[in-house]
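Chemist: Read off the chains here:
Number of protein chains: 4
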Amino acid sequence: MTYPLRTTIRVRTYELDSFGHVNNAHYLHYLEEARSEFLRQMGLSFNDFAAHGVQLVIVEANLRYLRAARYGDELVIVGRTRDVRPASAWIDYVLTDAATGQVVVNAETKGAFLDARTFKPCRAPEAFRTAFAAHTGEDSP
Amino acid sequence: MTYPLRTTIRVRTYELDSFGHVNNAHYLHYLEEARSEFLRQMGLSFNDFAAHGVQLVIVEANLRYLRAARYGDELVIVGRTRDVRPASAWIDYVLTDAATGQVVVNAETKGAFLDARTFKPCRAPEAFRTAFAAHTGEDSP
Amino acid sequence: MTYPLRTTIRVRTYELDSFGHVNNAHYLHYLEEARSEFLRQMGLSFNDFAAHGVQLVIVEANLRYLRAARYGDELVIVGRTRDVRPASAWIDYVLTDAATGQVVVNAETKGAFLDARTFKPCRAPEAFRTAFAAHTGEDSP
Amino acid sequence: MTYPLRTTIRVRTYELDSFGHVNNAHYLHYLEEARSEFLRQMGLSFNDFAAHGVQLVIVEANLRYLRAARYGDELVIVGRTRDVRPASAWIDYVLTDAATGQVVVNAETKGAFLDARTFKPCRAPEAFRTAFAAHTGEDSP
Numbered sequence: 227m228t229y230p231l232r233t234t235i236r237v238r239t240y241e242l243d244s245f246g247h248v249n250n251a252h253y254l255h256y257l258e259e260a261r262s263e264f265l266r267q268m269g270l271s272f273n274d275f276a277a278h279g280v281q282l283v284i285v286e287a288n289l290r291y292l293r294a295a296r297y298g299d300e301l302v303i304v305g306r307t308r309d310v311r312p313a314s315a316w317i318d319y320v321l322t323d324a325a326t327g328q329v330v331v332n333a334e335t336k337g338a339f340l341d342a343r344t345f346k347p348c349r350a351p352e353a354f355r356t357a358f359a360a361h362t363g364e365d366s367p
Numbered sequence: 227m228t229y230p231l232r233t234t235i236r237v238r239t240y241e242l243d244s245f246g247h248v249n250n251a252h253y254l255h256y257l258e259e260a261r262s263e264f265l266r267q268m269g270l271s272f273n274d275f276a277a278h279g280v281q282l283v284i285v286e287a288n289l290r291y292l293r294a295a296r297y298g299d300e301l302v303i304v305g306r307t308r309d310v311r312p313a314s315a316w317i318d319y320v321l322t323d324a325a326t327g328q329v330v331v332n333a334e335t336k337g338a339f340l341d342a343r344t345f346k347p348c349r350a351p352e353a354f355r356t357a358f359a360a361h362t363g364e365d366s367p
Numbered sequence: 227m228t229y230p231l232r233t234t235i236r237v238r239t240y241e242l243d244s245f246g247h248v249n250n251a252h253y254l255h256y257l258e259e260a261r262s263e264f265l266r267q268m269g270l271s272f273n274d275f276a277a278h279g280v281q282l283v284i285v286e287a288n289l290r291y292l293r294a295a296r297y298g299d300e301l302v303i304v305g306r307t308r309d310v311r312p313a314s315a316w317i318d319y320v321l322t323d324a325a326t327g328q329v330v331v332n333a334e335t336k337g338a339f340l341d342a343r344t345f346k347p348c349r350a351p352e353a354f355r356t357a358f359a360a361h362t363g364e365d366s367p
Numbered sequence: 227m228t229y230p231l232r233t234t235i236r237v238r239t240y241e242l243d244s245f246g247h248v249n250n251a252h253y254l255h256y257l258e259e260a261r262s263e264f265l266r267q268m269g270l271s272f273n274d275f276a277a278h279g280v281q282l283v284i285v286e287a288n289l290r291y292l293r294a295a296r297y298g299d300e301l302v303i304v305g306r307t308r309d310v311r312p313a314s315a316w317i318d319y320v321l322t323d324a325a326t327g328q329v330v331v332n333a334e335t336k337g338a339f340l341d342a343r344t345f346k347p348c349r350a351p352e353a354f355r356t357a358f359a360a361h362t363g364e365d366s367p
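Respectively, the protein sequence lines represent chains A, B, C and D. For the first sequence, position 97 (counting from the first letter as 1) is numbered 323 according to the working numbering, and the numbering increases by one without interruption. For the second sequence, position 99 (counting from the first letter as 1) is numbered 325 according to the working numbering, and the numbering increases by one without interruption. For the third sequence, position 30 (counting from the first letter as 1) is numbered 256 according to the working numbering, and the numbering increases by one without interruption. For the fourth sequence, position 117 (counting from the first letter as 1) is numbered 343 according to the working numbering, and the numbering increases by one without interruption.
In isolation and in its complexed conformation, chain A is listed as follows:
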């Protein structure tokens, strides 16, 4: 099982909670940042959403927290798409501590395409479907 998408993110001081480690909520922010970079790696950009009049909205998110991350930690986030459908797709993420290689968080998010004017579900533009289908991590080059 391969993950064709990859980025890194460093934990900043202001992302710690009162226990001194990255708060569980903050990982969804890291996934958002990773997703933005993954889209770029897939050849897509925020401008493509505007150009096609669509939004990609998170409708489901599942996370397993295995280890704590702390200030200064470099996290490697790899990803792949999954279950690419006409109007939705999943992304899988694995966050590991770059220093130790240990998994910090496993996560998956389901994104749904919405018409940017009506906010109703809509079919993904062809460019998106093709890009998502090419990064499932099994058949993608």
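A hint or two may mislead.
Stated by the list, open to error - Which stretches of chain D does chain A cover? Using the computed rule of at least three CB atoms under 8 Å from a CB of chain A, they are:
| hint | region |
| --- | --- |
| 1 | 236-248 |
| 2 | 256-268 |
Said to hold, decoys possible - In the DSSO-like style, the derived pairs of lysine-lysine whose C-alpha atoms are separated by at most 27 Å in a straight line are:
| hint | chain 1 | residue 1 | chain 2 | residue 2 |
| --- | --- | --- | --- | --- |
| 3 | D | 336 | D | 346 |
| 4 | C | 336 | C | 346 |
| 5 | B | 346 | B | 336 |
| 6 | D | 336 | C | 336 |
| 7 | A | 336 | B | 336 |
| 8 | A | 346 | A | 336 |
Since the hints were derived computationally from the structure, they do not count as laboratory data. Bear in mind that the values here come from a model prediction, so they are computed numbers and not experimental data. We put the CB at the ideal spot given by N, CA and C, even for glycine.
Let chain A serve as the given structure and place chains B, C and D on it in line with the hints.
Modeler: Okay, now just chains B, C and D, sitting in the frame of chain A:
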């Protein structure tokens, strides 16, 4: 199916993202705030954790986003415990828009008890187990 | 010296930093939330900005931190306008701990009106100037 | 006038507000992250605070916002110490857009040393005073 725990939270301006609605990550913050209030309603407090030398850490979180929330929305968050085990327990949450009664987010988090010194999993203190077991929403008064 | 504007805000768990108190940055969020409520009390709303094609942008902020705030603290935020000019105005804020009456933070922000299309400075709509001028805390009822 | 301290920070998606640019509050987070890096460049670390039983707390912050920053912008943050006193010191910051060289924010924060047990003001440990005095940007090498 009843939810014996209940609190409300109002969306603040600074909790909106660039789309003008509450960001998906922010709901985990709302769950944290609700959990803190739920513990109080169960007769527990942050001081009890310190007194018993334990921490309650989120090890799993699953969320389904059904509707967007916006600035000023009052969210009702009801909750109940589930699968109360010696060293862990789940909490179920339903967030509804107070104005419309419509569900905004369904969520569940699994908390595990850790020894506050060793950060190793440990059994929940008796007072916690009893309190969690009394708020499963089926048998609780 | 009177402060004709007033709101309260309660510190939430997720607003604490790794020292266990409200982070210095977070007070600017509290000011934003207070400002939104102050505008409402002045008879203005976010929709008025859109209707007039203007934005009110913070161009200067000065804060003095006198005491720490902690989880659950209720903060009273009083405010007044100052130096109301054609294209800008200051707001003064005093944040006190509701339980003790002690000042937590003194702050002031300067807002400038921008044309929402060109993002260039512009004159405040009459309704805004009148509302701001009526809440300086000296002549206002 | 030179700034012997320097770091960079990239704007992340989740740091935008509902206007699509970095919220005014968030710059205080950037200053915190910069300060942490500046301390490292001065030869100090968070562990030094613990070892000496002191905390460095922000007691005043002043910011001027000149331009908006947006997603993906790389910000260069330069800094220098100022008015280094026995129990406090100022830091000046200039944040510029790396792509254009234009100033985004000018800021200054005053930090005070507190005894970590009593939370009362205390004299800075010698190592801190020396390090701060060596980075005022005028005499420092």
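Chemist: Now tell me, hint by hint, if it's right for this structure.
Modeler: Here's how the hints hold up against the structure:
no. : hint             : in the structure
1   : 236-248          : holds (count 3)
2   : 256-268          : holds (count 3)
3   : D/336 with D/346 : holds (16 Å)
4   : C/336 with C/346 : holds (16 Å)
5   : B/346 with B/336 : holds (16 Å)
6   : D/336 with C/336 : holds (20 Å)
7   : A/336 with B/336 : holds (20 Å)
8   : A/346 with A/336 : holds (16 Å)
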